[in-house]
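Visitor: For reference, the chains in residue letters:
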Amino acid sequence: MTHLAIAPQFDDAAQQHESAALGMWAFLATEVLFFGGLLTVYTVYRMAHPAAFAEASSHLYTWIGAVNTVVLLLSSWTMALAVHAGAHGERARIIRMLAATMALGLAFLLLKAVEYYLDFHDHLVPGRAFRPDWSTNAPAAQMFFILYFILTGMHAAHMLVGVLVVACFVAVIRTTPSPARHANALELVGLYWHFVDIVWIFLFPLLYLVA
Amino acid sequence: MSGISLSTTSYRNVSIVLFTLLVVTLVLAELHLGPLAWVAALVIACAKTVLVAVYFMHLRFATPLTRVFALAGVVWYVILLGLTLGDVLTRAH
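Those protein sequences? They're chains X and H, same order as listed.
Letter by letter, the first sequence follows residues 1 to 211 in our numbering.
Letter by letter, the second sequence follows residues 1 to 93 in our numbering.
In case anyone wonders, no lab produced these hints; they're calculated from the structure.
Bear in mind that the values here come from a model prediction, so they are computed numbers and not experimental data.
Possibly wrong hints are sitting among the right ones.
Stretches of chain X that chain H covers, calculated by requiring three or more beta carbons in the stretch to come under 8 Å of a beta carbon on chain H [as the list claims (entries may be wrong)]:
1. 24-31
2. 64-73
3. 78-88
4. 112-125
5. 136-143
6. 183-196
7. 199-211
Pulled a few chain X residues facing chain H out of the computed Cβ check, cut under 8 Å [as the list claims (entries may be wrong)]:
8. 43
9. 44
10. 47
Glycine included, each C-beta is placed from N, C-alpha and C at the ideal position.
With these hints in hand, go ahead and build the complete structure from the sequences.
Guide: Below, the structure written as C-alpha cells:
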C-alpha cells in the first residue's frame, strides 16, 4: 500500500511505526499531566467556591466557545482525513486536508482573539482593570478568570504550534518526491492535533457551562 | 502504517457522533440540572475523548504497548486528582 523508507535501526515498517507512535504518546502523557495539574487547581477552587464560579462563568461568551468547539471538531475530522490520505500517499488530498485543518485552526485562534478582546472590554481580565460589579465574591471570581486565561491561553499556544507544524508539512508534502515517506510523521502531527482538540473538549464544558 | 484500515466514511460517522454529543452537552446545559449537569458534561467529554482517541488517534489499531503508553497519562492524572481531592474533601473546616 505504501512505500515507507525504513531507517537502519528498525527491523521493518511496523516496528518503525510503533516506535514513532510510542514516542508521541509518551510526550502526550506529559501533556495530559501538564493540563491535568491546571485542571486539578480548577477543580479544588470550584469546589471551594461553586456559586462564585457559576456566576463568573455566566459572563463568558458561550456562543463563541460553542462555535469554536464546532471549528475544532471539524479540524480534527479534516486532520484525520489528511492522515488517511498520507497513508495512501495521495499528495493533492493531503495538501487539501492540511490546508483545511490549518484554516480551521486559524479560525479558532481568530475567534479566541475576538473573545479575549470582548473579555478585556468587559473588565474580566484579572489585575487592575478587573471590575466585577456583578460579583458577590470578587476574589473567587478573579481566580476563575485567572484559570480561564491560563487554561485557554496555554491551549491557544498549543493551537498556534499545531498550525505552524501543519504549515511546515504543507511545504514538505508539496515538494517531496514521495509523500508516502512522510506518512508516519504526518500521523504524529495528527496525534498532536487530536490531543489539543481533546483538551478543548474538556475546557469548553468546564469553563463555559458551569451554571 | 500496516493495519490502519479505517475508511473515510468511518471518520465521517465518528465526526457526526461527536457533533451530536456536543449538541447533547449544550441542551443539558440549558436544562439547568444543578450538580448533575457537571457530572453529565464530564461523562460526555470522556465519551468524546474515547471516540477521538480510539478512531482518530488510531488506538483501535495500536499495539498493546502503545495503548499502555496512552493510558499511562490518564492513570497518573487520576492519581494526582484522587490524592489531591482526598486531602481537600476531608479537611475539618
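Visitor: Kindly indicate which numbered hints from before are broken by the structure, ordering the numbers from low to high.
Guide: 4, 5
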